[in-house]
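J.: Each chain, written out:
Number of protein chains: 2
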Amino acid sequence: MKIGLDIMGGDYAPKAIVLGAIAAHEALSAGERLVLIGDTSLIKPVLAEQGFNPDHFEYVHTEEAIGMGEHPTKAIVQKPNSSIAVGFQLLKEGKIDSFASAGNSGAMLVGAVFSVKTIPGIIRPCLSTLVPKLKGGAGLLLDVGANADCKPDTLLQFGILGNLYAENILQIANPRVALMNIGEEEEKGNMVAMATFPLMRDTRFFNFVGNVEGRDLFNDKADVIVCDGFTGNIVLKMAESFYILTLKKGFKDEFFDRFNYEKYGGSPILGVNAPVIIGHGISSPEAVKNMVLQSKDMIETQLVEKIKKAFK
Amino acid sequence: MKIGLDIMGGDYAPKAIVLGAIAAHEALSAGERLVLIGDTSLIKPVLAEQGFNPDHFEYVHTEEAIGMGEHPTKAIVQKPNSSIAVGFQLLKEGKIDSFASAGNSGAMLVGAVFSVKTIPGIIRPCLSTLVPKLKGGAGLLLDVGANADCKPDTLLQFGILGNLYAENILQIANPRVALMNIGEEEEKGNMVAMATFPLMRDTRFFNFVGNVEGRDLFNDKADVIVCDGFTGNIVLKMAESFYILTLKKGFKDEFFDRFNYEKYGGSPILGVNAPVIIGHGISSPEAVKNMVLQSKDMIETQLVEKIKKAFK
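Chains as they are written, first to last, in this note's numbering: chain A, 2 to 313; chain B, 2 to 313.
Don't read these hints as lab results, they were simulated from the structure.
Here the structure is a predicted model, which is why all the values come from computation and not from measurement.
Treat each hint with caution, since some may be false.
If chains are identical, the list can't say which one is meant, so a pair holds when it fits in one copy or spans any two.
Here are the simulated DSS-like pairs of lysine-lysine, each with C-alpha atoms no more than 25 Å apart in a straight line [to be verified]:
no., residue 1, residue 2
1, Lys189, Lys45
2, Lys93, Lys134
3, Lys189, Lys80
4, Lys238, Lys152
5, Lys264, Lys250
Sequences are here, hints too, so could you generate the full structure?
T.: Encoded structure:
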């Protein structure tokens with residue numbers, strides 16, 4: 002198993018990423034190899050400083066990098082030698098089994114769709130994120146920003162993707178899938194939500210538990226919450242801002258601690274032909290480590306194969 | 002000035018509403034009269050119990066009431082003698098200058114549009130809510146649920162309505178109006194948000210400060226945040242759930258205290274031909290008192306007249 006990791010992406014790259022890779026290495030077994038993609042001249046000093054044997058990793062040297070503010074499509078096309086573009090090339094060629102980066106999210110999305118491509122039958126891949134649950138554990142929210150406008154059949158597919166992720170990676174048996182809406186009743190919602198409800202109610206692909214509301218994100222009503230990427234992105238950023246607020250206010254609590262994205266790794270792109278994870282821009286070594294372990298889980302459980310099978 | 006108040010609406014009606022009316026009375030001057038609409042046989046004992054002179058209020062006796070779970074349109078049509086329907090009848094006839102209720106929100110919205118009607122030129126009235134700001138004071142979020150699907154010109158109008166409310170009632174000079182979106186850049190967003198941005202950028206009706214994101218709800222980037230009612234309702238319910246969570250966790254903080262809806266009164270319906278306010282279902286006497294004072298402010302500042310003028 003080869004887990005690809007972009008060393009150049011993220012606000013604290015390359016150092017935080019390399020430190021995360023070292024931490025991840027401790028948790029991986031012999032056959033699970035990390036492939037660090039980036040400027041090796043920047044990687045090696047960090048390894049030396051940490052007294053870490055460089056032979057534990059594999060390396061693909063790149064000299065270009067895509068910045069956080071760059072236009073995703075332009076950057077991917079104009080910087081074929083950037084760590085993100087090279088990572089996707091390796092993923093496409095099967096030289097790595099997964100690819101993760103805490104860099105430019107848009108470039109990661111575009112790169113995934115350009116290189117390994119969308120799984121046949123899937124209308125649009127989406128971005129998912131883990132949300133802490135009050136009772137413990139985590140649920141999944143998707144889409145959180147890949148598709149600002151979604152049609153009902155696209156949302157139905159997000160339900161299928163989320164269900165498979167929850168079942169395989171979060172190890173939730175028969176996950177409860179819900180639709181984010183503005184009321185519990187079937188007839189509530191905007192036009193898209195109202196048209197999505199019967200599709201989800203009648204699907205045989207997952208256990209639909211109906212509509213949930215903004216107040217239900219963290220409670221136990223559903224394991225997977227589906228929404229369009231516009232709503233999901235606003236909800237996600239609002240939740241993050243609350244977490245930051247509790248930190249600033251000095252509130253300490255086990256539940257709020259679990260808002261810390263570091264514990265979850267990153268946001269998987271679901272619906273493409275390989276495991277791809279986008280890390281938070283401010284990823285710390287712990288976040289990177291967990292992103293690597295999340296990559297491993299996605300490879301090991303053959304999530305992508307299972308998604309392909311569901312959409313055949 | 003006659004301020005109409007539905008005594009029958011709300012989870013703790015009629016007692017909490019009558020107690021709120023008594024508290025409001027202390028803050029009103031001689032010419033500002035409260036008109037209590039509901040079953041007088043339920044009102045009088047509460048006044049007696051409180052040793053409150055019943056002559057301070059005016060009364061309109063009704064024997065029917067609309068329940069929280071009733072279908073809004075059906076209830077308004079089938080219960081013309083309910084406190085909400087009678088309240089709107091009085092408002093339409095000019096016998097009261099404003100109408101407020103903590104009862105069935107849907108019936109309040111339908112009743113407002115059926116009775117006093119939408120102001121000419123306004124596509125759709127909307128529901129607004131106050132949000133506490135970290136720096137102190139409050140901002141306005143609209144729409145929070147009256148219109149799940151909104152077109153760009155409707156959102157532009159919400160900006161005009163929010164601007165006038167912020168200026169007149171919140172007394173913010175030249176309010177900064179923003180569009181809730183998933184990125185700060187002009188080209189970000191779903192189709193509706195992308196089409197709304199240039200309309201807001203080019204308007205002469207308010208000071209548009211661009212897009213804000215989910216994380217900006219409580220910070221100082223904007224005084225008025227405009228979104229469709231689907232997004233706004235989810236955002237509002239999520240914020241409420243966070244507030245409840247901080248209470249449950251025992252976090253005490255001045256900012257979180259200001260999440261308490263009680264301090265703000267209710268949610269004004271903007272865009273109809275009279276001041277109408279919907280209170281929170283769980284309204285306490287303090288919330289009712291503040292809803293009455295908010296009604297008074299809306300009458301006193303002639304907000305409706307100013308809105309009419311803006312849409313002429």
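J.: Are the hints correct? Go through all of them and say.
T.: Now the hints, each set against the structure:
1. In this homomeric assembly, Lys189 and Lys45 never come within 25 Å of each other (Cα to Cα): the closest approach is 57 Å inside a single copy and 39 Å across copies.
2. Within a single copy, Lys93 and Lys134 get their C-alpha atoms no closer than 35 Å, and across copies no closer than 48 Å, so neither meets the 25 Å cut-off.
3. Taking CA atoms no more than 25 Å apart as the test, Lys189 paired with Lys80 passes between copies only; the shortest distance there is 23 Å, against 46 Å inside one copy.
4. For a Cα distance limit of 25 Å, the shortest separation of Lys238 from Lys152 qualifies both inside one copy, at 23 Å, and across copies, at 24 Å.
5. When the C-alpha separation of Lys264 and Lys250 is checked against a cutoff of 25 Å, the pair qualifies both within a copy, at 21 Å, and between copies, at 21 Å.
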